Each structure stands twice: as structure tokens, then as C-alpha cells.
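Protein chains: 2
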Amino acid sequence: MAQEQTVTPWEVKGDIDYGRLIREFGTEPLSESLLKRIQKHTKELHPYLRRKIFFCHRDLNWLLDEYEKGNPFFLYTGRGPSENVHLGHITVWKFTKWLQDKFDAELWFQMTDDEKFLFKDNLELEQTNRLAYENALDVIALGFDPKKTKIFSNIDYAKTLYRQALKVAKKLTFSTVKSTFGFTDSNNVGEIFYTSMQSVPCFLPSALKGKNIPCLIPLAIDQDAHFRITRDIMPKLGYYKPALIHQRFLPSLAGSGKMSASEGVQIWTTDGPEEVAKKIRKYAFSGGADTVEEHRKNGGNPEIDASYQWLTFFEEDDKKLEKIYHDYKSGKLLSGELKQILIDTLNVFLKEHQAKREKARKVLDKFILKD
Amino acid sequence: MAQEQTVTPWEVKGDIDYGRLIREFGTEPLSESLLKRIQKHTKELHPYLRRKIFFCHRDLNWLLDEYEKGNPFFLYTGRGPSENVHLGHITVWKFTKWLQDKFDAELWFQMTDDEKFLFKDNLELEQTNRLAYENALDVIALGFDPKKTKIFSNIDYAKTLYRQALKVAKKLTFSTVKSTFGFTDSNNVGEIFYTSMQSVPCFLPSALKGKNIPCLIPLAIDQDAHFRITRDIMPKLGYYKPALIHQRFLPSLAGSGKMSASEGVQIWTTDGPEEVAKKIRKYAFSGGADTVEEHRKNGGNPEIDASYQWLTFFEEDDKKLEKIYHDYKSGKLLSGELKQILIDTLNVFLKEHQAKREKARKVLDKFILKD
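Those protein sequence lines, which keep their order, are chains A and B. Number 365 in the numbering used here belongs to position 228 of the first sequence; there are no gaps in the numbering. Number 427 in the numbering used here belongs to position 290 of the second sequence; there are no gaps in the numbering.
Honestly, the hints are just simulated from the structure, not real lab data.
If several chains are the same, the list does not tell them apart, and a pair holds so long as it fits within one copy or across any two.
The list that follows gives simulated cross-link-like pairs (lysine-lysine, DSSO-like), each with its CA atoms no further than 27 angstroms apart:
#, residue 1, residue 2
1, Lys285, Lys296
2, Lys378, Lys257
3, Lys503, Lys296
4, Lys373, Lys257
5, Lys296, Lys284
6, Lys456, Lys469
Here the structure is a predicted model, which is why all the values come from computation and not from measurement.
Looking at chain A on its own, in the form it has when it is part of the complex (with noise of 0.2 angstroms):
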């Protein structure tokens, strides 16, 4: 039975759908003739694009005329550190690295322990700010370029970030708050505030460098919300709207695939291959048949399969992905070999992962920014 969707920054619910999102939202989706446009400056294209994970965005084009002029353009991205790092935040990030790596273009990487501290009533100020420095070594596992990529915690980089947050915030009443994400007036003056501090890396840099920067915001849909904020904003400070191209959610491992990984089992960067075996095991959600007979008859079901859908995301070759698509639709894959085939995906970025994770910890210092 399908459950109404809830998409917004601090709650992601319910069966997504993402054609009612762009048009909810007011994003563009991304087109082919956009997609070649990218093609063109990136020769080929991230399986993310190819296989519309990341399926819409606003100001692409502009983006790209400016970056055509010769007026390139710098990442945005960022992470609310309420916990470790799950494998759909992953996702987000290594297209970032990818956008990183084509264009040639600095990252300013926010972690935003003051809000996950804020929002959430059973997290302490001293965790949040723990677990962005924890989150941090996820982030730089990836590969991004330490020379270009500037990771900092809103609470240790607040002399700077509070100073650029008050001019966002003298623009912006409560009211636009109350109306974008349903606030009431229970809701705590740190998260009435706190969209000010979450737009200021759009305009940081051009504020930091004094000229005008464009600036793209890889992120997942969730985050539009504080966005269409900022976009309205940044204007009025004189600063150019940030573009944004927005993801969707890898699917709940137990959902039907058109849940929110958001919801439901985890699997955490730090798992072990026997837990990650165990859980997708147990509760990864099969599109196939009861029995192996009616399976190899009937076939299985990808769309609906979590393990399939998964595969979407972490395997890159796209001939794989399709044989497997077939093999599984025409039932010469049974569902617990499709469940070995994502286990074993997993457990090689998870083992290459976990060993760049370790590594990370020596050269974090060289990521962060602080005041």
C-alpha cells in the first residue's frame, strides 16, 4: 500500500514520488540535451547522470553558460552529523568528488552539527560536533582533492559563518520559515535561525574572495527546501543564485524501493562484510518469486527489488547492471543470488573504504577549516 510522501529537510517518509517532487518543488528535470551539455566539458558521463539518480535541478544551464565564459564554479555540499555515515549519504558525495574531478572545482563541505544538535532533542552539542569530524573521514575516504576541498563544522568555523548568517537571516522572517517547512511557533529560535547558517557556504567563497562566484549544490532532494530559500535571498545581498542538481534517495533496504534509505536498516560505512552479508540477507526487500520454480517460470521483479535498485547505485558498469536486470526479470537469477552479487559489490568499496577511512585520520587536519 502506497504511504503518503513527506520530503523535507528533517523528514523523508512514505513512497516517493520524484515526478511530483520536481513539480511540487518547482525543479527542472534534467533533460537529455542538458545531460549532453554536460557530456561535452566531462567526455563521459557519471552513472548518476546516465541513470537519472540524479534527476533534476535548478540553473544548470546558467551554470554552464558561466562556466563557458570562463567563470567556473564551486562545489557545495554538506552532512547533518546525527550519526555515523550510511551508504546513501555515500552516494551524493562520490558524485561530488566526480563533479570535482571533471571541472576542476573547489568543495566547501558543511557540517552541520549546530542544527543535527538543534533538531534533534537527544543529541548533545559535544556529539554533533564529534561526529563531524567522524563524518569528515568518510568525506575524505572518497578522494577528494585536499588542495580544493574545505571541510568545516558550523560550530568550530561560527566566527565566520555567524558574521555572513546575519545577512541571510535580516532578509528572511519567520514567516517564509514557517511556510516552507511548516514551523510553529513551538519550534526553537535555533531552528527558526538556522536556514541563515545552512545558505551561507553558497555565497562564502565570493564573499571570502570578494567577486562573485557561481556555485553548484549537488545534494539530496530532501535539502531543497533551504535552497529555494537562499535562491530568493541571495540576490538581495547581491550575490548570484547557487544552482542546484538534486538526487534521488538510494531506496530503504527493507521498502519497496521507493523509500528513503532514511528509513528502516542501515548499512553503516564501518560494517563489517559478515554484517553487511547479514543484513541484506535478511532484509533486503525481493522482487522475487516465492518459490525458486516460480521463479525460474515468472521471473523476478528489478523495480521493486531492493537489492537491484542498490546495484543502481554502487555497480558503475552499466553492461553489468543490465545483464543482471535480465538475468533476474527472466528468472535465471534467483533472489539470493542477486543478494550475493550486491553483498559482494558492497564489501569491495566497503573494505577499500574502511582502509581510506583509517587513512584519512592523518591527513584530516589538511581538510579542515577552522577559526
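The hints should help you fit chain B onto chain A, whose structure is shown.
Just chain B now, with coordinates in the frame of chain A:
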């Protein structure tokens, strides 16, 4: 004609009824027994106490209990740097300096340059931030001990302050801010958040030193609203409620003696002797009779005479002040002569203040806390 009173941190208007403020704000009048208790420690009483210019308080008895138990307090006051400093501002700080001397207390002095930017449409952040340091010269000129006095701009000390402000903000809803200040949905989100920043110095020394230290805030009564909120929240964070001691406003020069100096013509700490003389001769509201003959016969009314009221703030010698009172009331002292006494008194003060203010530029760094 009496004008309805408005007393908020951002607006003071109309004829002030201080008894009514005590009832509405729920403060305690400064009783004779409390004054005696203070005097036990200070030997003499500051003229502002003898004259009930500081007229009410919160938790002063508790503060003295702690002091007598060997648990000394620190002082916290501040300034909204929206313009130069006028004589109305100086008066609270003069008293604060006396408290520092008598109780050997540390002073934390907050320059709310963020607040003034957020609340004043016509001010830029760079202006309020610059004014914070200009205004600090007036504070330093009063003779505060550089070893025991920390002056900080909210903007330039934001890393330290924002981290702590988040803890206040999480406990403070829009509902509370709305009912305390009369805010609406049209207020900007910075204004809504702001009380969190003003609360921080109440517990910052405790947070930094890892032990609970009592705090006394000398302040003009209009700032009480912020600290009603702060006092509710402090115990939830494990800190003492700050004690407060409230000052009447220096009356408006041009008003009937009941309006605040924040209305109408100001005397700035940078005014030269001729400017001071001109302003007082031209604007100071007189309680004298219309003609010299009538004045000699019926006398003047010091209660509504702005010059006399100002002398209660600036003439420290009780005997001199009493003589002026009687001479004026009896008609012996003419309005012009009374004005001249005030002019001379202020110019003596200002000459010395201006010299010290210029010297303060050289030692400013010794007082300033920055991240």
C-alpha cells in the same frame, strides 16, 4: 500630557512609571535593608544607590548570600553599538565600574553589534561592528581594570558565543519570544534568535572555567525582558540565574523629566564644551517660572527640571545637590544659573572623559576578547 509608556529592549517611549515597571516586570524594589547590606561590603553607597537611580533588582540577596559564603560574582553588562555613546549610556557603566572596584569583580562587556545590525534597517554590519570598538573606548575611559575586564563584539567573538547560544536556543521557543517581546511572524529570524546570544555572557565564565559562578547584571530597565527569558533557561542548563540591578533612564533633556534620554536631543561623549552649552541652553526643559520676578517669588520645580534631574546623575556630592535643590525651589537660583551649573559639571566630566577616551585607543587591545 502623559504619554503611554513603552519599555522594550528596542524602544523606550512616553512617560515612564517606574513603580508600574516593577509590578509589570516582577522585579523587587531596592529596599533600605538591602542597601544597608550592600553598604556592609562597600563602606559607602554609590550616589546612584542613595538616590535610587538604581531602583530595583532580581536576586540581589541571593547574590550577597553567595558572596558572603566566599562565592564571588562577576559582572556582565553591554552596549548596542548603533551610534556614538551618549551620556545616558555612560551612567550604567559608571556604576558598573564602582561595583568592579568595590567587589573586585571581573566584568564581561558585550557589544551587541549583531543585534543592532539585525534590528536597524538602516545599519550595515560593518558599521555596527566598527562602532563596537569606537564605543569600547568610552567604556575603557571610565577606568575599568584591564586585568579584570573583557570587552567583546558578538560578531568577532561568535565562535565562542554561538556554540553556547545554541544551548539556550534549543530551550527557547518562538512562542516565548513572541509573548515576551511582542514579535510577529514578520520579524526576521536573526531577531528571533538574538536573545540566545545576549544570554551567553550570563554563564560563559562558568562554562569556560567549568564551575558555576554567580553573575550580576547592572542594566537599564529596558533590557530586563531578555534576562527574564535567560533566567528561566539557566537552571535547565545547570547554571545559576543571573542577578540583576536595574537603573532608571537618564531623563530626556527636552522632556518633562520622565522620558528617557533615548528620545530627543542627545549629548554625546564626543561633544565639545560649546556644543554642550548650546544644547542645554536651547533644549533643557526648565522647571522655572516664566519671568525672573515670578521665579524669585514662587521658585522653580526641580522635580520636572531636566537640568536638575541630570545633576542627580552627574553631581556626586549630596550636599551640593541638596543646596541646588533648595536654592532652585526657593527661587534663589534662576533657570539660567541652574543650566550653567549643569553645563559646567558635564564639561568637567567630558573634558576628562575625552582625554581618557583618546588614551584608550592605545590600550584597547588589552580589553578585547576575540576568537
